[in-house]
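Colleague: For this one, chain F is given, so just place chain E on it according to the hints.
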Amino acid sequence: AQSVTQLGSHVSVSEGALVLLRCNYSSSVPPYLFWYVQYPNQGLQLLLKYTSAATLVKGINGFEAEFKKSETSFHLTKPSAHMSDAAEYFCAVRAPDTDKLIFGTGTRLQVFP
Amino acid sequence: KAGVTQTPRYLIKTRGQQVTLSCSPISGHRSVSWYQQTPGQGLQFLFEYFSETQRNKGNFPGRFSGRQFSNSRSEMNVSTLELGDSALYLCASSLGTSGGGDEQFFGPGTRLTVL
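Residue numbers (my numbering), protein chains in the order written: chain F, 1 to 113; chain E, 1001 to 1115.
Bound conformation, chain F alone:
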């Protein structure tokens, strides 16, 4: 069965610092992995997705994630945090042959000036 685990429900960084949000997955088949961002009172917006084409995936707003099969990880990074990055971030894995997304519990990112 597919599942994802996000380590750290809250992450705080200073503006300009590296952002690292952790996600580990469990999947019985090659996974499709996604990172979504949610701003207050809004729906989810796709940051990036892994669909086996390349292990380093670049997304919007300067975010990227690296798929590491040996570590079953798909951590999200951004070299330099901006105040506007403050939001909640969700890692998700898609169940095979469906559109069902299985989400992690989310990580709230705070960015301090």
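The hints are simulated quantities; they were obtained by calculation from the structure and are not laboratory data.
Wrong hints could be hidden among the right ones.
Said to hold, decoys possible - Pairwise CB distance ranges, derived in the manner of DEER restraints:
hint	chain 1	residue 1	chain 2	residue 2	range
1	E	1057	F	7	25 to 33 Å
2	E	1009	F	105	21 to 29 Å
3	E	1082	F	20	33 to 41 Å
4	F	60	E	1053	26 to 34 Å
Stated by the list, open to error - To give an idea of the chain F side of the interface with chain E (calculated C-beta under 8 Å), a few residues:
hint	residue
5	42
6	43
7	44
8	49
9	90
10	98
11	99
12	100
13	103
14	105
Beta carbons are placed, not taken as given, at the ideal position from N, Cα and C, and that holds for glycine.
Modeller: Coordinates of chain E only, in the frame set by chain F:
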């Protein structure tokens, strides 16, 4: 291209009532999925519809039901509302092609409060 729209955006109901939420997918998208988001349980999958057929279902009681129309618009119904049904209900649409790599586009959600 217009995004996913959900109506209403906010809803207040009392226990025992029923409610219907509506979702209009992006034009051309045939798959619509529904999710419930609560602080305690996070984001949980309710069901997915593709071409008017329920293709997948999550672990929710039968009080939660849905349907999809020929124009791909979808409705979700919750009967006999309970306090625990208070949540943000999110709808997502995608092309629905097989393989699982399609991007799901989410609507802004309907915030349901049960009193």
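Colleague: Does each hint hold? Answer for all of them.
Modeller: Cross-check of the supplied hints:
The hint said 25 to 33 Å for the Cβ distance between residue 1057 of chain E and residue 7 of chain F, and at roughly 30 Å that hint holds. Evaluation of the 21 to 29 Å hint for residue 1009 of chain E and residue 105 of chain F yields a pass: the beta carbon distance comes to about 25 Å. Range check, residue 1082 of chain E to residue 20 of chain F: about 39 Å between beta-carbon atoms, so the 33 to 41 Å window is met. In this structure the supplied range 26 to 34 Å holds for residue 60 of chain F paired with residue 1053 of chain E, their Cβ-Cβ distance being about 33 Å.
Taking 8 Å as the C-beta cut-off, the interface hint given for residue 42 of chain F holds, the closest approach to chain E being about 6 Å. About 4 Å separates the beta-carbon of residue 43 of chain F from the nearest beta-carbon of chain E, less than 8 Å, and the hint is met. Because the closest C-beta pair between residue 44 of chain F and chain E is about 4 Å apart, less than 8 Å, the hint holds. Proximity of residue 49 of chain F to chain E holds as hinted, the smallest CB-CB distance being about 6 Å (cut-off 8 Å).
Interface hint at residue 90 of chain F: satisfied, since its Cβ lies 7 Å from the closest Cβ of chain E, which is below the 8 Å cut-off. Annotation: interface hint on residue 98 of chain F holds; nearest CB of chain E at approximately 5 Å, less than 8 Å. Restraint check, residue 99 of chain F versus chain E: the minimum CB separation of about 5 Å is within 8 Å; hint holds. Satisfaction of the interface hint for residue 100 of chain F is found here, the shortest Cβ-Cβ separation to chain E being roughly 5 Å, below the 8 Å cut-off.
The interface hint given for residue 103 of chain F is met, as the beta carbon of that residue sits about 4 Å from the closest beta carbon of chain E, less than 8 Å. Here the hint on residue 105 of chain F is kept, as its CB sits about 5 Å from the closest CB of chain E, short of 8 Å.
In this structure, every one of the numbered hints holds.
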